[in-house]
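*Asks:* Let chain A serve as the given structure and place chain B on it in line with the hints.
Residue numbers (the numbering used here), protein chains in the order written: chain A, 20 to 454; chain B, 20 to 454.
Hints may contain errors.
Far from chain A, some chain B residues (derived; all Cβ distances over 12 Å) [stated by the list, open to error]:
1. Lys87
2. Asp101
3. Arg102
4. Lys115
5. Lys154
6. Gly185
7. Val238
8. Gly266
9. Asp355
10. Pro363
11. Arg408
The list that follows gives simulated cross-link-like pairs (lysine to any residue, SDA-like), each with its CA atoms no further than 25 Å apart [said to hold, decoys possible]:
12. Lys41(A) <-> Tyr426(B)
13. Lys374(B) <-> Tyr83(A)
14. Lys382(A) <-> Thr42(B)
15. Lys374(B) <-> Ala332(A)
16. Lys300(A) <-> Asp423(B)
17. Lys87(B) <-> Glu69(B)
18. Lys453(A) <-> Ala332(B)
19. Lys330(A) <-> Ile136(B)
20. Lys427(A) <-> Ser137(B)
21. Lys452(B) <-> Arg279(A)
22. Lys86(A) <-> Ala332(B)
23. Lys452(A) <-> Tyr83(B)
24. Lys421(A) <-> His418(B)
25. Lys370(B) <-> Gly78(A)
26. Lys374(B) <-> Asp344(A)
27. Lys330(A) <-> Ala332(B)
28. Lys236(B) <-> Gly185(B)
29. Lys421(A) <-> Gly270(B)
30. Lys427(B) <-> Thr42(A)
No lab work stands behind these hints, which were simulated from the structure alone.
For glycine and all other residues, C-beta sits at the position ideal for the given N, C-alpha and C.
Here is what each chain is made of, one letter per residue.
Number of protein chains: 2
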Amino acid sequence: MKYLIIGADAAGLSAANRIRSKTDGKITVMEKGRFISYAACGMPYFIGNEIDNYEALLGRSVEYFKKKNIDILTETEAVKIDRLNKIVFCRGKTDKIAYDKLLIATGAEPFVPQISISSEKVFTLKTIDDSIKIKNFIKKNAPKKVTIIGAGAIGIEMAEQFNRIGLSVLMIERLPQILPIIDSDMAETIQNYLTEIGIRIRTETSLQTIEESKNIKIVTDNGEFDTDFVLLSVGVKPCSNLAKSSGIKLGYKGAIAVDRSMKTSDDAIYAAGDCAETYHKLLGNRFIPLGTTANKQGRIAGLAMTGIDVKFAGVVGTAILRCFDMGVARSGIGVDQAALENIPVASVTIKSESKAHYYPTTKKVTLRIIFKSDGTVVGAEIIGGGVERINPLAMAIAHSMKLDELYKQDFAYSPPYSPVWDPILVAAYEGMKKL
Amino acid sequence: MKYLIIGADAAGLSAANRIRSKTDGKITVMEKGRFISYAACGMPYFIGNEIDNYEALLGRSVEYFKKKNIDILTETEAVKIDRLNKIVFCRGKTDKIAYDKLLIATGAEPFVPQISISSEKVFTLKTIDDSIKIKNFIKKNAPKKVTIIGAGAIGIEMAEQFNRIGLSVLMIERLPQILPIIDSDMAETIQNYLTEIGIRIRTETSLQTIEESKNIKIVTDNGEFDTDFVLLSVGVKPCSNLAKSSGIKLGYKGAIAVDRSMKTSDDAIYAAGDCAETYHKLLGNRFIPLGTTANKQGRIAGLAMTGIDVKFAGVVGTAILRCFDMGVARSGIGVDQAALENIPVASVTIKSESKAHYYPTTKKVTLRIIFKSDGTVVGAEIIGGGVERINPLAMAIAHSMKLDELYKQDFAYSPPYSPVWDPILVAAYEGMKKL
Numbered sequence: 020m021k022y023l024i025i026g027a028d029a030a031g032l033s034a035a036n037r038i039r040s041k042t043d044g045k046i047t048v049m050e051k052g053r054f055i056s057y058a059a060c061g062m063p064y065f066i067g068n069e070i071d072n073y074e075a076l077l078g079r080s081v082e083y084f085k086k087k088n089i090d091i092l093t094e095t096e097a098v099k100i101d102r103l104n105k106i107v108f109c110r111g112k113t114d115k116i117a118y119d120k121l122l123i124a125t126g127a128e129p130f131v132p133q134i135s136i137s138s139e140k141v142f143t144l145k146t147i148d149d150s151i152k153i154k155n156f157i158k159k160n161a162p163k164k165v166t167i168i169g170a171g172a173i174g175i176e177m178a179e180q181f182n183r184i185g186l187s188v189l190m191i192e193r194l195p196q197i198l199p200i201i202d203s204d205m206a207e208t209i210q211n212y213l214t215e216i217g218i219r220i221r222t223e224t225s226l227q228t229i230e231e232s233k234n235i236k237i238v239t240d241n242g243e244f245d246t247d248f249v250l251l252s253v254g255v256k257p258c259s260n261l262a263k264s265s266g267i268k269l270g271y272k273g274a275i276a277v278d279r280s281m282k283t284s285d286d287a288i289y290a291a292g293d294c295a296e297t298y299h300k301l302l303g304n305r306f307i308p309l310g311t312t313a314n315k316q317g318r319i320a321g322l323a324m325t326g327i328d329v330k331f332a333g334v335v336g337t338a339i340l341r342c343f344d345m346g347v348a349r350s351g352i353g354v355d356q357a358a359l360e361n362i363p364v365a366s367v368t369i370k371s372e373s374k375a376h377y378y379p380t381t382k383k384v385t386l387r388i389i390f391k392s393d394g395t396v397v398g399a400e401i402i403g404g405g406v407e408r409i410n411p412l413a414m415a416i417a418h419s420m421k422l423d424e425l426y427k428q429d430f431a432y433s434p435p436y437s438p439v440w441d442p443i444l445v446a447a448y449e450g451m452k453k454l
Numbered sequence: 020m021k022y023l024i025i026g027a028d029a030a031g032l033s034a035a036n037r038i039r040s041k042t043d044g045k046i047t048v049m050e051k052g053r054f055i056s057y058a059a060c061g062m063p064y065f066i067g068n069e070i071d072n073y074e075a076l077l078g079r080s081v082e083y084f085k086k087k088n089i090d091i092l093t094e095t096e097a098v099k100i101d102r103l104n105k106i107v108f109c110r111g112k113t114d115k116i117a118y119d120k121l122l123i124a125t126g127a128e129p130f131v132p133q134i135s136i137s138s139e140k141v142f143t144l145k146t147i148d149d150s151i152k153i154k155n156f157i158k159k160n161a162p163k164k165v166t167i168i169g170a171g172a173i174g175i176e177m178a179e180q181f182n183r184i185g186l187s188v189l190m191i192e193r194l195p196q197i198l199p200i201i202d203s204d205m206a207e208t209i210q211n212y213l214t215e216i217g218i219r220i221r222t223e224t225s226l227q228t229i230e231e232s233k234n235i236k237i238v239t240d241n242g243e244f245d246t247d248f249v250l251l252s253v254g255v256k257p258c259s260n261l262a263k264s265s266g267i268k269l270g271y272k273g274a275i276a277v278d279r280s281m282k283t284s285d286d287a288i289y290a291a292g293d294c295a296e297t298y299h300k301l302l303g304n305r306f307i308p309l310g311t312t313a314n315k316q317g318r319i320a321g322l323a324m325t326g327i328d329v330k331f332a333g334v335v336g337t338a339i340l341r342c343f344d345m346g347v348a349r350s351g352i353g354v355d356q357a358a359l360e361n362i363p364v365a366s367v368t369i370k371s372e373s374k375a376h377y378y379p380t381t382k383k384v385t386l387r388i389i390f391k392s393d394g395t396v397v398g399a400e401i402i403g404g405g406v407e408r409i410n411p412l413a414m415a416i417a418h419s420m421k422l423d424e425l426y427k428q429d430f431a432y433s434p435p436y437s438p439v440w441d442p443i444l445v446a447a448y449e450g451m452k453k454l
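Extracted from the complex, chain A is given alone in its bound form (with noise of 0.2 Å):
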């Protein structure tokens, strides 16, 4: 049996070392860049020196995969997939490799604005590669003014990391709100927070043309900014193209689409990780990019392919993000989120401490429970401190929890860590009175 994988990160690899614990077939892997198992979710603290060298974003080597008999070629390209004979064309180091089983791990790319950009001061943050340039630009021309055209997770984390190097940051929103994964009047309290710091923030400003002279200036449809350097961070879309050009069926906003045991519309032919869809446990199948979905999807297809019978459990949509000393999470859905879905809900909203309210490092917090008119809980979202708390309200989500089951539990309570009456347990009692 021949296992072909194209793509050396999360879901490629997650995957190959799942193969190769149930069969001793034939693994390729084949990588169009230079880095493998790297973690990009590392690269904004990189680019920002809480990391010094990029090297620690490396997992593991090409020969750990070796030794595990499993071929890795880097800096080969997938060009085209011939389904009819289990081929896949390629260019680098090889021109055509045969597999039996094909997974697809190709990830995201970042969205490029429709605009002609040729400026070497215009970034994207998406490989190794790239943030290693961006550094280096830093590093070479000491630039003052950053712009990031985005205000999304990445765009914030990118915010605070050029914050913190001293840059003046500006950032640029389409939308009416930064962050859309969480409501507005959250996504508000954020954006305060930021500008109380320090940083721009245009919302509702649509990007129209970026302009070099001897610097940048940034056209908007609402004036115009002029910047050193910029960054764009308007999302990501599914790399997709390879499957879509070979026949394979895409789905939600064109990630590839896939069934639960992470197969393809083609019988051999796998996808896990960011070029897929991801089942969502409330919504179905969804465009979710996330490292961590991608491990177990990951891990998920390279089961299926040896022929174990196996299904990804889904997600609740949980995601967590830093933001200066502020945390934000979310899992579940959100009201605003809940209203576009067309899904009635209803929300409770509280404001308490991370920990006890005398004790020196406790944050504020505000947490907000989304819910069902029988209770169930399907959402929840988290500002301020110990936000680590989505992980039991995700589980709530996941397992349909009502709000006085979940007022039930049995959470740990010492000043360090929590108030003496945990801001899920307030959220859930003074969710109940809703009813």
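*Replies:* Just chain B, lined up with the frame of chain A:
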């Protein structure tokens, strides 16, 4: 209807508030001490100057309750319950109070070893006044050495605080391990950590006498130790003498026996908080004194006293404490405890990181999951960083979740908060291999 409550802290005042939310009957609360509504769990941090004033530990005032038409009589001690005539005799601001429904919320008190100790240099720590006494003693006498008898949670919290203010700390523990709420091997890791910091610890060492001349001499079966003052911290026992002498049935380890509505053997009398039994979902009624449980039981007792049909949901024995830079958390049943209770279990222990391995502030974490032969999670212990992870584990235990279900949870991932594979998921996965 006349409601009488003995004890004006977590359980008693939670009950008073719940009763008031449901009825306009007369509510009286009597309190032996001069303080009400105080955060006992915060006292170590007050003694160690993390919190400057004990006033920060005081919650709601007598006036707050007065406005809600709840009368609080401080410095008034119940001495006898005449159950036949429904009268409580007391000493202090009045000598008797009649009731229709009575709540006993008298709390717990420190065990004091059966040796005659009259020194003013030997302390216990239960009330705010105790903490003020200790703090004043230190201020006045500038001691250099303290000996803590008992290495449980409070002993360890106090060791940290005494160390923090420059004292040399010796801990003496009768048992072979410190911190008996966790498994002995986990406790050993903590003991080694404390020893490295400079806390001296003698286990399997029983106190025999405390002699006082110019200084204090601790005489044990394992040597004599010279010290400037002593904190006795060998655990607490329920304050159940009043109940016992009134013919109310006692239960586990002398705690007042209660049903799930917190009712005692007398239909008109309830008990809640540290003086009463606590229903443990896996083990039945136990003695587990804890502030957060007292609050919950107080709410239940209050509602039940007004005739509402409610039941205390129960705990799973979740506990957390900070030990210098190391966290310690547990829930459910440990391996050692399972052996004592004759419950057959297996366990898995993994070592991981609290955050992404490359993230600067990550800490080592050791996480253990205890499970039955069918994979049902019955316990968990965590030491190191990110010990708030005990809360999702407490949920898994409370809901008899199996390892494979736990492994499927959609936990939050971002480098400043978690490795890409959350330690809980890693442990669940490794545990599944043992089934």
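*Asks:* If you test the structure against every hint from before, which numbers come out violated?
*Replies:* 11, 14, 17, 19, 20, 22, 27 and 29
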